[in-house]
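Engineer: Going line by line, the protein sequences match chains A and B.
Take the first sequence: its letters are residues 2 to 185, numbered as in this note's numbering.
Take the second sequence: its letters are residues 2 to 185, numbered as in this note's numbering.
Worth double-checking, as some hints may not be accurate.
[Unchecked claim] Below, a list of computed lysine-lysine pairs in the BS3-like style, where the Cα atoms sit at most 25 Å apart:
| # | chain 1 | residue 1 | chain 2 | residue 2 |
| --- | --- | --- | --- | --- |
| 1 | A | Lys110 | A | Lys47 |
| 2 | A | Lys138 | B | Lys110 |
| 3 | B | Lys149 | A | Lys179 |
| 4 | B | Lys179 | A | Lys141 |
| 5 | A | Lys179 | B | Lys141 |
| 6 | A | Lys110 | B | Lys110 |
| 7 | B | Lys179 | A | Lys144 |
| 8 | A | Lys94 | A | Lys45 |
| 9 | B | Lys141 | B | Lys47 |
| 10 | A | Lys94 | B | Lys110 |
| 11 | A | Lys138 | A | Lys149 |
| 12 | A | Lys110 | B | Lys47 |
| 13 | A | Lys179 | B | Lys179 |
Derived from the structure by calculation, the hints contain no laboratory data.
Protein chains: 2
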Amino acid sequence: MDTRKRIIDTASRLFYQQGYNSTGINQIIEEADISKASLYQHFKSKEDLLLEYLQIVYVQTMLDLRNAAATGLAVEEKISAIFRHMSEYAGSKDFCGCNFLNMAGEIPKENQRVYELIQRQKNEVRELFTEILTDNKTGKEAKARAEKLADGIYLLFDGALMSCKVYNDAWPALVAQKTALSLL
Amino acid sequence: MDTRKRIIDTASRLFYQQGYNSTGINQIIEEADISKASLYQHFKSKEDLLLEYLQIVYVQTMLDLRNAAATGLAVEEKISAIFRHMSEYAGSKDFCGCNFLNMAGEIPKENQRVYELIQRQKNEVRELFTEILTDNKTGKEAKARAEKLADGIYLLFDGALMSCKVYNDAWPALVAQKTALSLL
């Protein structure tokens, strides 16, 4: 495995499992088995490493959500599948919450670089729900209705992600699923 | 001000604004203007200080939510008032998110002492919504319906709290308000 990938994999695991602020550069260097010079050759700072980690998880998360949605045909099935996917993820022993909300939890809101990336990912989740709810309908009204509903479902989505971590259990994903379906 | 209170006030401000893991014991000692010995006389560990801070915020938060709910008479008004309260809180410049969800974001789920306290606070929010929705109705069915609805509204509540931090804006509280009312 090349050095850059080894750094990213190690940092990603540690940032997700124990948190960004609890992970020191020295632990990353040690567990990735590289030199300090080598790390700083690839990343100017720990924050640059954080942004690269979030960028990678961002792409993977959106792929997973779009794949889950694609297993359904009707709007209800697509929405349902996204929350089913969450319940499976939240029920696995590796689940430590949402990568993005964890960072919003631990990083002060003044950090624009990190918050811009978190917002970008959340905007894309909202857009995915809007797309699903628009359901090939055209016209301003259909679009406005879809957007309004989408943001309500997105809040259920983020609430359930946090709550699954708080309770270390998948039930919030299933409650969110039922609640979202009742909104349609 | 007595020493114990000065320690708690300083730690609370720092934990909330910059995060628990980013706050070192030395910064608390310095900003509270006390000695290290004095801090450890009052608190055995930084985690003990965290638990006391969360306990105090817990009591205050539940008081605030109950006071907000009490401004309404009908179920809709009470639910509405809780989210209006959130939108005011989220719109203030001091808002740094939910004290409890921030900790769930930054502290690994293996930390039972902290997670038990977070769960206790979230359970009480869920109970408050259940009480409001039960609305003096008696009978098993009314209670079951209220509980089911309450958990959906609680997920909107937590989702909006996180989202208000992510976007540094109060709009998610207002979307959650509308969505919650549409569930009634």
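Engineer: Decide, hint by hint, whether the structure agrees.
Structural biologist: Tested hints:
{"no.": "1", "hint": "Lys110/A - Lys47/A", "verdict": "holds, 18 Å"}
{"no.": "2", "hint": "Lys138/A - Lys110/B", "verdict": "violated, 43 Å"}
{"no.": "3", "hint": "Lys149/B - Lys179/A", "verdict": "holds, 10 Å"}
{"no.": "4", "hint": "Lys179/B - Lys141/A", "verdict": "holds, 20 Å"}
{"no.": "5", "hint": "Lys179/A - Lys141/B", "verdict": "holds, 20 Å"}
{"no.": "6", "hint": "Lys110/A - Lys110/B", "verdict": "holds, 23 Å"}
{"no.": "7", "hint": "Lys179/B - Lys144/A", "verdict": "holds, 18 Å"}
{"no.": "8", "hint": "Lys94/A - Lys45/A", "verdict": "violated, 33 Å"}
{"no.": "9", "hint": "Lys141/B - Lys47/B", "verdict": "violated, 45 Å"}
{"no.": "10", "hint": "Lys94/A - Lys110/B", "verdict": "holds, 11 Å"}
{"no.": "11", "hint": "Lys138/A - Lys149/A", "verdict": "holds, 15 Å"}
{"no.": "12", "hint": "Lys110/A - Lys47/B", "verdict": "holds, 23 Å"}
{"no.": "13", "hint": "Lys179/A - Lys179/B", "verdict": "holds, 18 Å"}
Hint check: violations occur at hints 2, 8 and 9; the rest are consistent with the structure.
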